[in-house]
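If you follow the hints, you should be able to join the two separate chains into one complex; please do so.
Chains as they are written, first to last, in our numbering: chain U, 1 to 323; chain B, 1 to 392.
The hints are simulated quantities; they were obtained by calculation from the structure and are not laboratory data.
No residue lacks a Cβ here, since even glycine has one placed at the ideal position from N, Cα and C.
Please note that the accuracy of each hint is not assured.
List time: in silico BS3-like cross-link candidates among lysine-lysine, alpha-carbon distance up to 25 Å [said to hold, decoys possible]:
1. U:318 to B:107
2. B:309 to U:314
3. U:314 to B:113
4. B:107 to U:314
5. U:319 to B:253
6. B:113 to U:269
7. B:86 to B:113
8. B:348 to B:276
9. U:210 to U:253
10. U:318 to B:253
11. B:309 to U:319
12. U:312 to B:309
13. B:309 to U:286
14. B:107 to U:319
Here are the simulated distance ranges between beta carbons [stated by the list, open to error]:
15. B:317 to U:202: 25 to 35 Å
16. B:270 to U:177: 50 to 60 Å
17. B:314 to U:121: 53 to 63 Å
18. B:169 to U:233: 54 to 64 Å
19. U:233 to B:278: 53 to 63 Å
20. U:250 to B:317: 55 to 65 Å
21. U:259 to B:190: 52 to 62 Å
22. B:197 to U:249: 54 to 64 Å
23. B:317 to U:198: 31 to 41 Å
24. B:278 to U:202: 28 to 38 Å
25. U:202 to B:276: 34 to 44 Å
26. U:198 to B:314: 29 to 39 Å
27. U:177 to B:317: 48 to 58 Å
28. U:249 to B:223: 51 to 61 Å
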Amino acid sequence: MSTGLTRVWERLPLKKQAAQSGIRVFSQQQPEIEDEEEFRVLNLRTVKQQFQRRREVRRDPVTPPRTNRMAVDQDWTAAWPAPRSFHPASVPLPLRQGFTERGAAAPSKFANAELMKIPNFLHLTPPAIRQQCEAIKKFCSPWPKGLETEAKWQRHFPVEVITTDYLQSLPTIRNLEARRVTISLKLSDLKFDAHARDKFLRLVGDRYNKDTDTVTFVTDRCPLRKQNYDYAMYLLTACYHESFVTEPWEASKSEADMEVYLFERNQSKIAAEGILNWSAKEGDNKISPPPAYAQCVEQLINEGENEYNLAKYKEEVKKMLNV
Amino acid sequence: MKMIRNRFGNLSRVSVQLQRHVQQMATSAAVAPAEGATINEFRTAVANPGEHSALQLAKFYTIPAEQKKQIFTGGGLPKQYELQIKTFTEACLMVRNPALELLEYIKGADLTKPVVRYVLYGENGTGKTLTMAHVLHYGALNDFLLVHVPWAPNWMKRPKEASNAAGQEGMIDLPFDAAAWLVHFKNQNGKLLQRLQLKTGKEYVWSKRESTPAGSPLLELVEHGIARIKYASETTAALISELKQLSTAGQCKVMVAIDGFNAFFHPITRIFSDNKQRVTPDRITLTQPFLDITNYDWTNGVCILSVDKIAMTEGYMDSYMPRYLLGQAGFEHLDPFVPVHVDNYTDKEFHSYINYYLDRHWINKTPQGFEEQLKFMSNKNPYSLMQLVRAL
Numbered sequence: 001m002s003t004g005l006t007r008v009w010e011r012l013p014l015k016k017q018a019a020q021s022g023i024r025v026f027s028q029q030q031p032e033i034e035d036e037e038e039f040r041v042l043n044l045r046t047v048k049q050q051f052q053r054r055r056e057v058r059r060d061p062v063t064p065p066r067t068n069r070m071a072v073d074q075d076w077t078a079a080w081p082a083p084r085s086f087h088p089a090s091v092p093l094p095l096r097q098g099f100t101e102r103g104a105a106a107p108s109k110f111a112n113a114e115l116m117k118i119p120n121f122l123h124l125t126p127p128a129i130r131q132q133c134e135a136i137k138k139f140c141s142p143w144p145k146g147l148e149t150e151a152k153w154q155r156h157f158p159v160e161v162i163t164t165d166y167l168q169s170l171p172t173i174r175n176l177e178a179r180r181v182t183i184s185l186k187l188s189d190l191k192f193d194a195h196a197r198d199k200f201l202r203l204v205g206d207r208y209n210k211d212t213d214t215v216t217f218v219t220d221r222c223p224l225r226k227q228n229y230d231y232a233m234y235l236l237t238a239c240y241h242e243s244f245v246t247e248p249w250e251a252s253k254s255e256a257d258m259e260v261y262l263f264e265r266n267q268s269k270i271a272a273e274g275i276l277n278w279s280a281k282e283g284d285n286k287i288s289p290p291p292a293y294a295q296c297v298e299q300l301i302n303e304g305e306n307e308y309n310l311a312k313y314k315e316e317v318k319k320m321l322n323v
Numbered sequence: 001m002k003m004i005r006n007r008f009g010n011l012s013r014v015s016v017q018l019q020r021h022v023q024q025m026a027t028s029a030a031v032a033p034a035e036g037a038t039i040n041e042f043r044t045a046v047a048n049p050g051e052h053s054a055l056q057l058a059k060f061y062t063i064p065a066e067q068k069k070q071i072f073t074g075g076g077l078p079k080q081y082e083l084q085i086k087t088f089t090e091a092c093l094m095v096r097n098p099a100l101e102l103l104e105y106i107k108g109a110d111l112t113k114p115v116v117r118y119v120l121y122g123e124n125g126t127g128k129t130l131t132m133a134h135v136l137h138y139g140a141l142n143d144f145l146l147v148h149v150p151w152a153p154n155w156m157k158r159p160k161e162a163s164n165a166a167g168q169e170g171m172i173d174l175p176f177d178a179a180a181w182l183v184h185f186k187n188q189n190g191k192l193l194q195r196l197q198l199k200t201g202k203e204y205v206w207s208k209r210e211s212t213p214a215g216s217p218l219l220e221l222v223e224h225g226i227a228r229i230k231y232a233s234e235t236t237a238a239l240i241s242e243l244k245q246l247s248t249a250g251q252c253k254v255m256v257a258i259d260g261f262n263a264f265f266h267p268i269t270r271i272f273s274d275n276k277q278r279v280t281p282d283r284i285t286l287t288q289p290f291l292d293i294t295n296y297d298w299t300n301g302v303c304i305l306s307v308d309k310i311a312m313t314e315g316y317m318d319s320y321m322p323r324y325l326l327g328q329a330g331f332e333h334l335d336p337f338v339p340v341h342v343d344n345y346t347d348k349e350f351h352s353y354i355n356y357y358l359d360r361h362w363i364n365k366t367p368q369g370f371e372e373q374l375k376f377m378s379n380k381n382p383y384s385l386m387q388l389v390r391a392l
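Looking at chain B on its own, in the form it has when it is part of the complex (with noise of 0.2 Å):
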């Protein structure tokens, strides 16, 4: 009796197995042309940002392979997430409240109007990031240029070289760095600036030899920074406020996105001057241009800002309010925004995750009453569920 039942076990199991190849060859397949074939309860076939609305809420969404790499290759996702996406060989995103609100909020925005700032707050690893992702893909999909910063804090925490900058006094320029976000500029935005042929409104002049006249094209402004790197951050700087009139005059749209804002307010970096004293942010080349462009003085644009707990330092991290991490410079640099509390997954949600689990097979063992350990060790934090079932 005991055999015949261990067998029936087994021949259950199998048929299991059996339906989810069958269905994972389904959904394998349904990717290519037809999009409706079968298609799981936690995937949505739309893969536009901007016809998502609560239909589409707690699931997912593929971001097509090409449309990453243009918008997230030099940074933008998690390393952590980065790593998920590769093992699971496709870019999902989840679709959640705050991503959808802030959607809702661009689509409906006067963009006569000056810039509204909105600001991503949350806990450690509820996702703020991963929702100012979704919304640079909307922009990227809507004819937005895009203003990226993946991790602003990078610059005060860990810059690749930081020098003594040329024309002003005092002023530290992270030539790498700046450098950098031009490649990942001009990454995200090429094909749109070669379309829209933005010109330069006046002359900028780097040296004696070198100088960009009025009139040219954007882009050769932004390949004159990368392939000169010392005067990347005066290129940066020129490149922002060039974007800045260009919007406000009407001729193209700019998403403004930054993670990590409040590491611009931060008291100090870990950037030493010349007589070894730590520099504050404001003496960095690259804050200057990046606050500028998140002031309210400008239109046809949004700003996207996150403040994040670990973009600031032991002794700063008692919070995550965006006054307490902005601090009273920040707060009223930046008011009036708009809060957007990005929270910890729903019930709903956090099932869809894990179904989502279960599809790629990375949770393999499922025993009783799984979900409900994961749900009360995660408390439903995103961040804490990826670690959790990382080791599973």
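Isolated chain U (complex conformation) (with noise of 0.2 Å):
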């Protein structure tokens, strides 16, 4: 093994000899070029010259934002006359907009993606719609008389007739959208009996809004918005006259097809009968079931269940039972 290692030994030496015999050392530096140009280099490849100058681009001096010489009182709607996404040195207000780390302030207006992806109503600004109307103020009819209240245009207007215009830069201006037709009225606008007004939300269906009391008609179907307002009214017309109808297989309704409960077509008034008059005989007057009893039973039922109406429930069955 040792006599392995030293062979090694030996030999390395002689390497390195050969190797040293060719550097050379030097003590002191070399002097350095002071002048700007550059050694001459012999080229002996025709290697293009690697070292060119590189061109500085000129660039303008970036302006001040122009809200610095924007004025305190200048006319906001000449600066922002129309709607466009926000633009940081258009608008001299110190807005912030993101989310950074915790701690740090969200990120300025400048260079801010967040400001610019949310629409803004800068153009809307009042003094601009007070301007706009202004100006299109000649073209307008002064307001009817008597109709100065809400009330009394709804008196004098139950119907109300919804429809959108469209505006757009198409070849055609026609919108197919545009056809649409809602009218809503009011149910409490319209007469019925108890009868017609069951019968007129079973035609109208969904179409009647309970908490709001208003029926709502939307017509589509027509290519026209004539047509389809036709149609809408055409429609109310219809249910209303039909609803008065009263059709022979109407007489054949049913408990379950009941909308509410009432007492007097139900098992509960038989066998409030049949207590009341066990003891009478034939050819007796009938007793018949006190009214505040039957009211009671179809609160009971109409309402719901709860404590207060099981309780006046109770009050009228045991004045009725005399328990």
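Encoded structure:
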């Protein structure tokens, strides 16, 4: 083992010596080149000159934001006349928007994509609206007399018609959506009897909103708005008049079809009469159950059970049965 | 000094124990002959429910052992309460408002009028069954024939056996349950039936060879049903229609008490028919007679029914209100009825119950404010209270 090592050791210096013979060590540093001119290099392989001066791009100095030059009392409607996405240099407000790490302030308005994403209403400031209203005032006719309050105009015009006009930059000025007509009216504006009201509600189905007491027809099946409007009015008229018609099959309305619980047509009435007329003989006047009892049974079932209704029911039953 | 105080503490505890012991001895002595010796403030010596009034409110009265055996052998007290009775070696019931209200109605009722249906309702574990038990005790002491179904949902939920009814197509018989009910009926009313000597009004033919002739005693009819289990359901129907006629004729008074009455109007049962479909309660032969006797078309009786959430199954247990639990059909069947609300304990009742538990040494540890704590934890609900003190 050791003999092998020594052999390697003996071999190594030989190589080193050979290498050292080729190295020349300079003790002093080379003097720096002071002049600008480069050495001319002998270009043997005709390679292109590698060191070329980079051309400096001349940039215009960044102008300070326009907001610096804005007067405090400037006409904002002139500075921001139309809808436009946010521009930091045009809006003299210290806006910040966006999320950074905890504790740091939100990013400023400059180069802030968040502010550009969201829609703004900088063109719809109250002065701008006022200005535009002033401008179109000359096209308006005076408000009709006698329709000053909402109550008045609702009394004179119970039917509300909603249509939408579309403006667009297309070769055609037609828009399919413009044909849609919505008419709505309060159910209380129509005159009904109990049967007609029930039938009307069944006819219109979910077009009736119970909370607001309004019936709404939306028509869009005809190509033109005028036709759709006529059709909606026809629907309203037809439903209204149809609801007053009593068909022969309506007599077969069973308890399951009833919209409300009525004491008169239920088992409860028969039972109560049976109890009250228990010892009555044939030909006696029938005692009918007291209306207060009938009312509280109806209330119990129509309104649903609660402690109050049940206590009332109990009182009435006790009164009726002399418990 | 500390030692001395400790001694004092021990002494005082011993004296309290002694006092309790003395009191207990006094009460146990009082049970037998003399009534008014020393009775705790939460007990009342008035053992006859007919004499209970607002004076006895929130006080305990004891049902004598033989009466308890007569009325409640076949059920009628909740299982947990039965256990408690066994532990305390006395059947005590608290006089509470709903029972007093019912007793007042029953005492003042005009029995010539059609029966009035009283419907007990309330949250789980508020004491509907025990209110009914109180009234049943009154009925048993006042010569009412008891038609008592301890827990109707048992028939719909876990019948012993279901078989096809012989006579009626598509109907299901519960022979064992019917026979068990007949035994219960006989237990409750055996003596009274013997005394009243009630006779059947018409002949009942069970088969070619078996029949019960008209004019035979009711007891014979009942015993036939018990002996011939196959005909128990039909016997029940016959017995109940007989009872209706007899009481209408004025020969007896009938008190109907059905716990979990809404089970008769549950949409389905757990019984399967031949074609493996769940049958509805109206297809069970036992249902019809009990619906008949809760109808208003007879006199000389009272109906005490209870509607219970736990008589229903999953999905039908949203509310404890009678109209909800009975449903449309059940409400129409019972209307007009007198709803009686059974509520949780009042403060007075709660305090009285705690005293009772202390007296029975059921609550041993009494740290500061334990009563308040129990009150809040149980929300003064009787069943919750019973469950809470079980572990103490």
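Those earlier numbered hints the structure runs against, lowest number first: 7, 8, 11, 13, 20
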